[in-house]
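J.: Sequence:
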Amino acid sequence: MLNDWLNADHIQLCDQVTDWQEAVTLSAQPLLQRGVITADYLTAIFRQYQALGPYFVLAPGIAMPHARPEEGAKALGLSLLKVNQGVHFQSEDNDPVFIVVMLSAPDSSSHIEMISQLAELFSDSEAMEKLFLAQTKRQIEDVIANY
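Position one of the sequence shown corresponds to residue 295 (my numbering), numbered consecutively onward.
Keep in mind that the hints were calculated from the coordinates and are not lab data.
Each residue gets a CB set at the ideal place from its N, CA and C atoms; glycine is no exception.
Among the hints, a few may not be true.
As the list claims (entries may be wrong) - Label-pair restraints from in silico Cβ distances:
id	residue 1	residue 2	range
1	Glu364	Phe426	26 to 36 Å
2	Lys424	Ser402	28 to 38 Å
3	Arg432	Gln344	31 to 41 Å
Put together the whole structure using the sequences plus the hints.
T.: Structure, rendered in structure tokens:
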């Protein structure tokens, strides 16, 4: 199921980014380009970060930036950015982050199955290690195909 959402068009790799804002902005590009989210969605993520800190850094090496549906989510969607050098989100226990998965959900329930599949992936240490080491979109797609 995840490969329905995270295909080559929604996966990006880069060596490094300047800061966490650049990582979030880059991760959003596939969804912005397809009209899945609006620029307001990014603004909301940045605003929430200022209020709450790195609320979307879920585990060591993994961030899932997202905002509320009414803040610019137009459709269900995912995109993934792999940052080879890692990026610091000021998350004491989970920095650096290597995998940034942008989530868009237009309502409070349509993303539940997607979140379940992501949770399964994120909790599989072997699969996550493969993602952290991946150097190509194909390698990332191969891991995601199992979820």
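J.: Next, verify each hint and record whether it holds.
T.: Structure-based check of each hint:
At about 34 Å, the beta-carbon gap between glutamate 364 and phenylalanine 426 stays in the expected band of 26 to 36 Å. Judged by the Cβ atoms, the range 28 to 38 Å given for lysine 424 and serine 402 holds: they are separated by roughly 32 Å. Against the hinted window of 31 to 41 Å, the Cβ-Cβ separation of arginine 432 and glutamine 344 comes to about 37 Å, which satisfies the hint.
Checked against the numbered hints listed earlier, the structure breaks none of them; every hint is satisfied.
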